[in-house]
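Residue numbers (my numbering), protein chains in the order written: chain A, 14 to 211; chain B, 60 to 198.
Honestly, the hints are just simulated from the structure, not real lab data.
Cβ atoms here follow ideal geometry from the backbone N, Cα and C, with glycine treated the same way.
Mixed in with the good hints, there may be bad ones.
Claimed, not checked - Derived list of chain A stretches under chain B, where covered just means 3 residues or more per stretch with a C-beta under 8 angstroms from a C-beta of chain B: (1) 18 to 27; (2) 162 to 176.
What the hints assert, rightly or not - Which chain A residues stay away from chain B? Per the calculated CB distances, all over 10 angstroms, these: (3) V63; (4) I68; (5) F111; (6) Y192.
As the list claims (entries may be wrong) - Derived Cβ-Cβ restraints for the label pairs, each shown as a range: (7) V21(A) x E90(B): 45 to 55 angstroms; (8) G38(A) x S149(B): 25 to 35 angstroms; (9) V65(B) x V21(A): 17 to 27 angstroms.
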Amino acid sequence: MIRRPNTVAVGTIVWLGSEVMFFAGLFAIYFTLRAMSGDLFASEAEKLNVLFATINTLILLTSSFTAQAGANAAEHHQARRTGGMLQFSKWGMIEWFFLTYAMGATFVTLQVFEYIELIQHGVTLSSNSYGSAFYLTTGFHGLHVAGGLFAFLFVIGRAYAVKRFSRKEATSAHVISYYWHFVDVVWIGLYLVIYWLK
Amino acid sequence: MRSNIVIMAIIAVFFYLCSAVYTVWHMATYEGTIEWVGTLGLGLTGALATLIGFYLVLVYRGQAGEFAADRLDGELDDDDPEMGHFAPWSWWPLGVGAAMALIFLSFTGPTFLIPIGGALLLIMMVGWVYEHYRGNFSR
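Throw the hints in and build the complete structure from the sequences for me.
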């Protein structure tokens with residue numbers, strides 16, 4: 014029996030390919046504006062709180078590993094934990110995804126605080142081209158993270174809704190982990206470009 | 060599946076080369092400046108093909124055999140797979156579209172529509188995601 018690729022997984026990968034092109038457009042905006050006004054970008058980027066963003070990046074990066082742990086648990090059709098609350102090795106998909114959700118929510122919340130600090134320093138969406146580029150790229154990424162959080166809740170809800178955790182629920186766990194890794198990789202790109210290259 | 064992977068690899072290499080040629084050509088014509096839109100756009104089109112191609116490699120590895128479409132002696136009847144689970148009909152996607160339309164309409168001025176559209180979107184998404192878990196279609 015030849016094993017065929019899961020249609021949901023293939024569809025998700027193709028859609029993520031189109032998402033790559035969406036973020037390609039945003040990166041292109043950032044680089045074009047930077048090429049046109051390098052001095053402005055250099056002076057505005059000085060206002061960034063790089064340490065804060067680095068900590069936030071680490072939180073999102075770690076959440077990718079917890080999401081993968083949840084997807085692996087789903088692969089073994091293990092929806093709930095079989096041990097105690099603190100026995101991580103016996104956690105099921107639900108526990109790992111709740112932890113991932115908490116980390117993703119922390120990332121978005123901290124990003125809001127970062128925005129508040131920048132706005133107080135006069136960097137806004139309409140202040141200049143740097144503000145526009147910064148908020149467009151990080152803002153659309155933040156929206157993707159927020160959307161992913163809803164998706165995690167949907168997948169967790171599906172695990173609660175069934176008596177027996179089947180192939181179908183495992184598939185939704187896998188595709189949300191694909192999406193989460195994609196969002197994570199995009200952030201690493203954004204982080205390197207915005208906070209390191211400046 | 061081998062041919063699909065090879066086609067994706069050709070597309071990827073083609074766009075990486077295009078990106079390199081475009082960058083060098085622009086630098087040669089315009090005093091060494093890089094035009095980022097084209098360079099990134101072409102390069103990431105290559106990344107797009109790489110992503111899909113790499114995924115197909117993983118699928119091919121776990122496939123354990125060739126599809127009938129990839130065999131010279133394959134018949135149409137050999138390729139009659141289980142395609143997966145599909146809804147016979149569903150109103151929910153239409154509702155999602157209507158809610159999104161309301162949200163986008165709100166961007167033109169009537170911003171009070173945003174929470175209404177958001178609430179509708181949430182209802183429609185929950186309805187769609189759990190369509191086969193509760194009620195008429197539940198298993």
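Hints and how they fare:
no.: 1; hint: 18 to 27; in the structure: holds (count 7)
no.: 2; hint: 162 to 176; in the structure: holds (count 6)
no.: 3; hint: V63; in the structure: 23 angstroms, holds
no.: 4; hint: I68; in the structure: 28 angstroms, holds
no.: 5; hint: F111; in the structure: 18 angstroms, holds
no.: 6; hint: Y192; in the structure: 13 angstroms, holds
no.: 7; hint: V21(A) x E90(B): 45 to 55 angstroms; in the structure: 50 angstroms, holds
no.: 8; hint: G38(A) x S149(B): 25 to 35 angstroms; in the structure: 31 angstroms, holds
no.: 9; hint: V65(B) x V21(A): 17 to 27 angstroms; in the structure: 25 angstroms, holds
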